[in-house]
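Position one of the sequence shown corresponds to residue 317 (our numbering), numbered consecutively onward.
Because the hints were derived from the structure by calculation, they are not lab data.
Even for Gly, the Cβ is constructed at its ideal location relative to N, Cα and C.
Possibly wrong hints are sitting among the right ones.
[Unchecked claim] Label-pair restraints from in silico Cβ distances: (1) Ala-408 to Arg-533: 47 to 53 Å; (2) Ala-546 to Arg-402: 37 to 43 Å; (3) Ala-366 to Arg-402: 16 to 22 Å.
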Amino acid sequence: MVVVLFEGVDLLDVTGPPEVFSLARRETEDAAGYEVVLAAGTTDPVATAAGVRVLPDATFEAMCTRRIDTLIVPGAVEVDDRRRVRALTDPAVVEWVRRLAERTRRVTSVCVGAHILAAAGLLDGKRATTHWSTARQLADDHPAVEVDADPIFVREGDVWTGAGISSCLDLSLALVADDLGEAVALRVARQLVMYLKRPSGQSQFSVPLEQVSTTRRVEELRHHIMRNLAEPLTVADLAARLHVSDRQLTRIFKTELGTTPHAYIESARVEAARHRLESTDATLDRLATTCGFGTVDTLVRAFRRRLDTTPTEYRRRFRTGLAG
317 MVVVLFEGVD
327 LLDVTGPPEV
337 FSLARRETED
347 AAGYEVVLAA
357 GTTDPVATAA
367 GVRVLPDATF
377 EAMCTRRIDT
387 LIVPGAVEVD
397 DRRRVRALTD
407 PAVVEWVRRL
417 AERTRRVTSV
427 CVGAHILAAA
437 GLLDGKRATT
447 HWSTARQLAD
457 DHPAVEVDAD
467 PIFVREGDVW
477 TGAGISSCLD
487 LSLALVADDL
497 GEAVALRVAR
507 QLVMYLKRPS
517 GQSQFSVPLE
527 QVSTTRRVEE
537 LRHHIMRNLA
547 EPLTVADLAA
557 RLHVSDRQLT
567 RIFKTELGTT
577 PHAYIESARV
587 EAARHRLEST
597 DATLDRLATT
607 CGFGTVDTLV
617 RAFRRRLDTT
627 PTEYRRRFRT
637 GLAG
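All chains, please: the whole structure from these sequences, using the hints.
Structure representation (structure tokens):
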């Protein structure tokens, strides 16, 4: 297993996956192939974006003479004076990744590392994800890639792409489950005190973090929605609160929050139901009522649509993940 290193790389992208694989080695003798090699252009220390210097184990050139089980490609970004984020792709690193991938069983990217895979031609014709802040850049720079900014990770055959930085742990757990089974991945998740396992289709971020409005009126409306999830919350009522038409409200939501009013409300209700499933013994009937779904069937359909799981399975997995 090889982790690609280069100047300015995000530190958690580099250290997160090896920690998961290290724990997997403790859990089973079948994980003998999980030894991690950090590879770079030279064996000189590499400065990460956090300022921490990491010492490579080998050079890219040396690794090109070996068979590689899993290639992990982290990412790096630059932020301009207007706080706009842009993924970096060093042509030399891209070329090495292309060469290493030819000798690799499985290729993965963490966060904006997807931009490197795309530049190497490894995502052409494939669905892929990346950190939400650079998804538009990935789509613009590489039109042959089907970019999906929402999931925490995407698998396309032997190519896996991960989303936001902390989702490297979810991606790594999915790799462990794929190799060694759900039971081993569950034990690793327990050691990490994580929920096993966030479905690949789950959104990168929760509703309150994701959709921060830039105008006071929409921000106030957003808080109104969060405080009144059990109420009908029709588009007409919300539009009236802003003194705009239904069509204007939809346009405002798409511009300010990147979604429709209906989709935002459903996401908020699913988020509220998730927290109650994690922390209470409330029945599904009760959750459907208090979170505004109305019926259990509607609650279940929303969970399947948003999280690719059911409320019952979500609760079972979460509590199992905390057990022991």
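Checked hints:
no., hint, verdict
1, Ala-408 to Arg-533: 47 to 53 Å, "holds (49 Å)"
2, Ala-546 to Arg-402: 37 to 43 Å, "holds (42 Å)"
3, Ala-366 to Arg-402: 16 to 22 Å, "holds (18 Å)"
Checked against the numbered hints above, the structure violates none of them.
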